[in-house]
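Chains F and E are the protein sequences, given in the same order.
To convert, note that position 52 of the first sequence is 52 in this note's numbering; the numbers rise steadily by one, no gaps.
To convert, note that position 113 of the second sequence is 113 in this note's numbering; the numbers rise steadily by one, no gaps.
Calculated from the structure, these hints are not laboratory results.
Ideal Cβ placement from N, Cα and C applies to all residues, glycine included.
One thing to keep in mind: the hints can contain errors.
Only pairs whose alpha carbons sit at most 30 Å apart, straight line, appear in this in silico DSBU-like list of lysine-lysine [what the hints assert, rightly or not]:
| hint | chain 1 | residue 1 | chain 2 | residue 2 |
| --- | --- | --- | --- | --- |
| 1 | F | Lys112 | F | Lys68 |
| 2 | F | Lys100 | F | Lys77 |
| 3 | F | Lys68 | E | Lys78 |
| 4 | F | Lys100 | E | Lys17 |
| 5 | F | Lys52 | F | Lys77 |
| 6 | E | Lys17 | E | Lys78 |
| 7 | F | Lys100 | E | Lys78 |
| 8 | F | Lys56 | F | Lys77 |
| 9 | F | Lys52 | F | Lys100 |
| 10 | F | Lys112 | F | Lys52 |
| 11 | E | Lys17 | F | Lys68 |
| 12 | F | Lys68 | F | Lys100 |
So the derived label-pair ranges between C-beta atoms look like this [said to hold, decoys possible]:
| hint | chain 1 | residue 1 | chain 2 | residue 2 | range |
| --- | --- | --- | --- | --- | --- |
| 13 | F | Asn59 | E | Arg22 | 26 to 34 Å |
| 14 | E | Thr104 | F | Ser79 | 35 to 43 Å |
| 15 | F | Lys68 | E | Thr76 | 21 to 29 Å |
| 16 | E | Lys15 | F | Pro10 | 30 to 38 Å |
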Amino acid sequence: GNSVTQMEGPVTLSEEAFLTINCTYTATGYPSLFWYVQYPGEGLQLLLKATKADDKGSNKGFEATYRKETTSFHLEKGSVQVSDSAVYFCALISNTGGFKTIFGAGTRLFVKA
Amino acid sequence: GAGVSQTPSNKVTEKGKYVELRCDPISGHTALYWYRQSLGQGPEFLIYFQGTGAADDSGLPNDRFFAVRPEGSVSTLKIQRTERGDSAMYLCASSSGQGPSTDTQYFGPGTRLTVL
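Just need the whole structure built from these sequences, with the hints factored in.
Here it is, written out as structure tokens:
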């Protein structure tokens, strides 16, 4: 079945460091891929998405590129801020039947000043 | 505008009892999703509504779980004969209904269910 695997956390970085959170997936067909973020005390919200291979999603300085050849959708940011401290979830929706969104387990990011 | 709201925010019940969890989606959103999230895990899909009908209920874990959306807006998730393993955060999301593959899902704050 479809699945999402993301790197375990927590990830601790200093402010202005480069961030990568790895995400790989297993899916039939051509899924749409998403990154969601949950800030402390807030609900889940969409950060970015990509709906086909080689698409790059971007938002708030974060980027992720849909790589079909490596079945990956790694999240990157060039310079993190303390306000980026949150839990990040990679997710997919397959286009081969059903409407189930599959989430990874989440990666907690701590950014120190 | 108002976002997705869920009530109650917390629910404590005893094993074997019946509970109802309510979700008010964003006005005009035709698609509605329910998820369950255990501590330290990602959300687990339960059911997806398009309008009044359940387009995909493949995530409901067993027949103790049931959800309705009779008028295509508010939805209620119903759990019968609750078990301790049902304790989790229950999340609701809504979207415009153009299609799950492209829609942005807007999540509510969740209902934390504790079964004693």
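We went through each hint and held it up to the structure:
1. Lys112(F) to Lys68(F): violated, 34 Å
2. Lys100(F) to Lys77(F): holds, 28 Å
3. Lys68(F) to Lys78(E): violated, 39 Å
4. Lys100(F) to Lys17(E): Satisfied, since the Cα-Cα distance of roughly 28 Å is no more than 30 Å.
5. Lys52(F) to Lys77(F): Within the cut-off at roughly 21 Å; holds.
6. Lys17(E) to Lys78(E): holds, 11 Å
7. Lys100(F) to Lys78(E): Given pair Lys100(F), Lys78(E) holds - Cα atoms ~20 Å apart, limit 30 Å.
8. Lys56(F) to Lys77(F): holds, 13 Å
9. Lys52(F) to Lys100(F): Holds, because 18 Å separates the two Cα atoms, which is no more than 30 Å.
10. Lys112(F) to Lys52(F): Given that 30 Å is the threshold and the Cα spacing comes to 35 Å, the pair is violated.
11. Lys17(E) to Lys68(F): violated, 47 Å
12. Lys68(F) to Lys100(F): Status holds; Cα separation ~20 Å.
13. Asn59(F) to Arg22(E): 26 to 34 Å: Since the Cβ atoms of Asn59(F) and Arg22(E) sit about 31 Å apart, the hinted range of 26 to 34 Å holds.
14. Thr104(E) to Ser79(F): 35 to 43 Å: About 26 Å separates the Cβ atoms of Thr104(E) and Ser79(F), which means 35 to 43 Å is violated.
15. Lys68(F) to Thr76(E): 21 to 29 Å: violated, 40 Å
16. Lys15(E) to Pro10(F): 30 to 38 Å: This hint holds: roughly 33 Å between Cβ atoms.
Comparing the model with each numbered hint stated earlier shows that hints 1, 3, 10, 11, 14 and 15 do not hold.
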